[in-house]
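A.B. asks: Given next are the chains, with one letter for each unit.
2 protein chains.
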Amino acid sequence: MSMLPQWIIEKKRDGEPLVESEIRDFIQGYTTGLIPDYQMSALAMAIFFNGMSSEETSLLTRAMLESGETVNTSSITRPKIDKHSSGGIGDKVSIVLGPLAAACGLAVPMISGRGLGITGGTLDKLESIPGYRTALSSKEFVDIVGKCGCSITAQTPRIVPADRKLYALRDVTGTVPSIPLIVASIMSKKLAAGLDGLVLDIKCGTGAFMKTRADACSLGSALVEVGRSTGLPTRALVTDMNQPIGRTAGNALEIVESIETLRGNGPEDLVTLTIALCARMLVLARAKRDLATASDYAARTLKSGKALGVFADMLALHGGERGVIDDPSLLPRARVVKPIMAASTGFVSRVDAEKIGKACLVLGAGRRLTTDTVDHAVGVSDMVKVGEHVTAGQSLATLHSNRDDAMFEAEELAAAAFSIAGAAVSTAQPLIIEELTGEDS
Amino acid sequence: MSMLPQWIIEKKRDGEPLVESEIRDFIQGYTTGLIPDYQMSALAMAIFFNGMSSEETSLLTRAMLESGETVNTSSITRPKIDKHSSGGIGDKVSIVLGPLAAACGLAVPMISGRGLGITGGTLDKLESIPGYRTALSSKEFVDIVGKCGCSITAQTPRIVPADRKLYALRDVTGTVPSIPLIVASIMSKKLAAGLDGLVLDIKCGTGAFMKTRADACSLGSALVEVGRSTGLPTRALVTDMNQPIGRTAGNALEIVESIETLRGNGPEDLVTLTIALCARMLVLARAKRDLATASDYAARTLKSGKALGVFADMLALHGGERGVIDDPSLLPRARVVKPIMAASTGFVSRVDAEKIGKACLVLGAGRRLTTDTVDHAVGVSDMVKVGEHVTAGQSLATLHSNRDDAMFEAEELAAAAFSIAGAAVSTAQPLIIEELTGEDS
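First to last, the protein sequences are chains F and E.
Take the first sequence: its letters are residues 2 to 442, numbered as in this note's numbering.
Take the second sequence: its letters are residues 2 to 442, numbered as in this note's numbering.
Since the hints were made in silico from the structure, they are not lab data.
Be aware that one or more of the hints could be misleading.
One copy or any two copies: either way a pair holds, since identical chains are not told apart in the list.
[To be verified] Below, computed lysine to any residue pairings styled on SDA-like, alpha-carbon distance capped at 20 Å:
#1 K212 with G16
#2 K12 with D172
#3 K212 with D15
#4 K307 with A407
#5 K166 with I36
#6 K12 with N51
#7 K12 with R369
#8 K386 with E269
#9 K12 with V173
#10 K148 with Q7
#11 K12 with L370
#12 K304 with G265
#13 K304 with A136
#14 K166 with P37
#15 K12 with F50
#16 K12 with T399
#17 K212 with I326
#18 K12 with I180
#19 K307 with R334
#20 K140 with T399
#21 K339 with S22
#22 K339 with Y168
Required output: the full structure, derived from the provided sequences and hints.
C.D. replies: What follows is the structure in structure tokens.
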């Protein structure tokens, strides 16, 4: 008799590796509804405990990819390179990087996600722009990439349906933090987008899913390895997520900061990270011969304003209000705006990304549960950065709120995020911690 | 906000002990349908990996008990003592022991189960008797115990509904072999039957769920400990299941052997085990002061024929055909009866219980899946026992079959179960391996 689903669960439970047909049959059965949620969640928990080899993870990725349609990108002639971030606080890099990489000559078909917990989502940020549509058909998506070089959209129901189903299930069964499941979820969607290369930004620190450098490197290596074995050239940067990126966290607030960055006036960390990632995308595409040349080119393109033009075109093609670029008041704005004051004079020694993320969550900028709705207007702006000098009574950050009952908790969280030291501190943690190319492993 | 089910799953997944309200809310939610199967199976798999302390197991047992009704046994004045076996091949002990313990003055309200895999089930055996009903209401069950001292019935839907649901789920999600889940399943049902004491027969060997002595002792100790902490005096024997018990395996065939045993003509191992368990039941009930006195009394009662009378009364009260006691031809009989011949002369050195169990399964005496139906007529009879002398060409056992297409495989399995050595072998493994009273731990 053919394999029963419970036999496959028992095999993984007992630490035996699963073979191709077992992984394929299980995922296929789950996608079509033949295998119920309760068997999938039991297998997911067994995978959480016993892991998967890099071969099994590749097989799982392929099985998930084959559960649905792939995007037909044959009409796009430019090298198709995407970037994916494991998620952090104030992480608006995609919004700047997509248009920048397009302005540098690449095609960026970016399928992005929504925020959950303290982690923001690129789609939520873009949806704060009046009219911006993230529910495109595959054809519309490819057309927009063809026209302006970049489109940032949501996963369509036909792309990797196994992942849509499995992700929702993992969310409610305690099976999110499993590297093979994370890797298969990310890589199946990237493979479905028909990419020529992928750059990963693996966040590491209090505001990230991976708290330690070792965990972030494990995830990055697993992603790079599955990229290699499935024929998608992939490289990863492990980057710091102990303090938020830039000076804002919250959807519309981050759009304003992204536009300023595309205008050439971005905060140093956001600009550095965006240029570093863009340079890797250009090298992966063989558009530039080395990182130094590529970085220089990306930096000059950002300053030129060309990327802002791509962003404006992308907005318009997605049905968004192009006017927000020159008039941020067209974006949703919070009713209450209140500064957080420094209690002492000195140098900022720490800005705890997790606490800022929690303050945003309390204000309604994020979701506790996937079914929650998001308030696009609220969040934190004008944050001071580690190493900067502040004077007692000076503002450390500004809260934007529509919820009077949440202000007290949000203020406490935000105030506790900032530490001030008497003497100047060296910002020991570099922004880029490690690079994983899959070549030295 | 109150605990979400996934938070409880995550806690167990991360190795933290669960507290009373978490266990109670989860089981209550699962029973009422508020918590879906996919969260229960994820928690069950996390329990498989991280286990449960004896305190958590007791809380789980209580939560399951409280999911339904309990049997009102207040009308029964005799001490109510039951026996539970972890299951084996040819294990018809309950069918002899229930009536025997009743004949010794105890009340035996026995809620029993069906077979799965190579393990037979007491209910399947009894259902081979024409008319015997195992689906009784709690009231009918108590009435029969009141009238003849013993009733062997199926779990009613209102008794521990959480276990009915969870057991079916575990069966298809690879979460059966988890000691805390096994213990809570057994002990919740025993507590619901309103017992004064419980004797356990934990089988150990090739034909048992627990293959090693260490595993059997772990299960036995966990059961005895939960009995202690929930106020149900419990003791356990760990007994050998490397060769089948008695000389038959298969439903109607085992009824015939049980009746012969109740008549005083039983095989030595079945009689020894039944007396040993009955003695412990009498001591737990404080009906006899020590094991020697109790064993002697049980042995005399078995020889007296009084237990056979109780069995006949129990049959009749369950709607069964009382005539089977004097006329075994009233039981279902197989179309084909074929002996397995000894290939050489010597002493039987091994009868592999697992292989005999598989032969029975192939013939249709058991279930591969819980939804399979059972052929009551088929199985193996007249098995030689370890230590007995056989001559080449003599019968080692007789197969009873209704499936021509299964005979070849069944014969191969049955033949492979028997090993014959040139010289007499000492039967090193004692029948009773270890006793667990919970007092020496």
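A.B. asks: When Cα atoms must be at most 20 Å apart, do K12 and F50 count as within-copy, between-copy, both, or neither?
C.D. replies: both (13 Å within a copy, 14 Å between copies)
A.B. asks: If the cut is 20 Å between Cα atoms, do K148 and Q7 qualify within a copy, between copies, both or neither?
C.D. replies: neither (49 Å within a copy, 44 Å between copies)
A.B. asks: What label fits K12 with D172 when the C-alpha limit is 20 Å: within, between, both, or neither?
C.D. replies: So K12 and D172 pass the 20 Å test across copies only (14 Å; inside, 24 Å).
A.B. asks: Quick one: K304 to A136, C-alpha cut-off 20 Å, is that within a copy, between copies, both, or neither?
C.D. replies: neither (31 Å within a copy, 81 Å between copies)
A.B. asks: Measure nothing new, just compare the shortest in-copy and cross-copy C-alpha distances for K339 and Y168 to 20 Å and report within, between, both or neither.
C.D. replies: neither (37 Å within a copy, 56 Å between copies)
A.B. asks: Could you figure out if K212 and G16 sit no more than 20 Å apart (CA to CA) within one copy, between two copies, both or neither?
C.D. replies: between (27 Å within a copy, 19 Å between copies)
A.B. asks: For the identical chains here, do K307 and R334 meet the 20 Å Cα criterion within one copy, between copies, both, or neither?
C.D. replies: Classified as neither; 28 Å inside a copy, 89 Å across copies.
A.B. asks: I want to check one pair: K166 and I36. Are their C-alpha atoms no more than 20 Å apart within a copy, between two copies, both, or neither?
C.D. replies: Both: 12 Å inside a chain and 18 Å across chains, each within 20 Å.
A.B. asks: Evaluate K339 and S22 at a C-alpha cut-off of 20 Å and name the case that applies: within, between, both or neither.
C.D. replies: neither (58 Å within a copy, 41 Å between copies)
A.B. asks: From the Cα coordinates, with 20 Å as the cut-off, is the pair K212 and D15 best called within, between, both, or neither?
C.D. replies: Intra 29 Å, inter 16 Å, cutoff 20 Å: inter-copy only.
A.B. asks: State whether the alpha carbon distance between K166 and P37 is at most 20 Å within one copy, between copies, both, or neither.
C.D. replies: both (11 Å within a copy, 15 Å between copies)
A.B. asks: Classify it for me, K12 with R369: is the Cα-Cα distance of at most 20 Å met within a copy, between copies, both or neither?
C.D. replies: between (34 Å within a copy, 18 Å between copies)
Violated hints, in rising order: 4, 10, 13, 16, 17, 19, 20, 21 and 22; the structure is consistent with all others.
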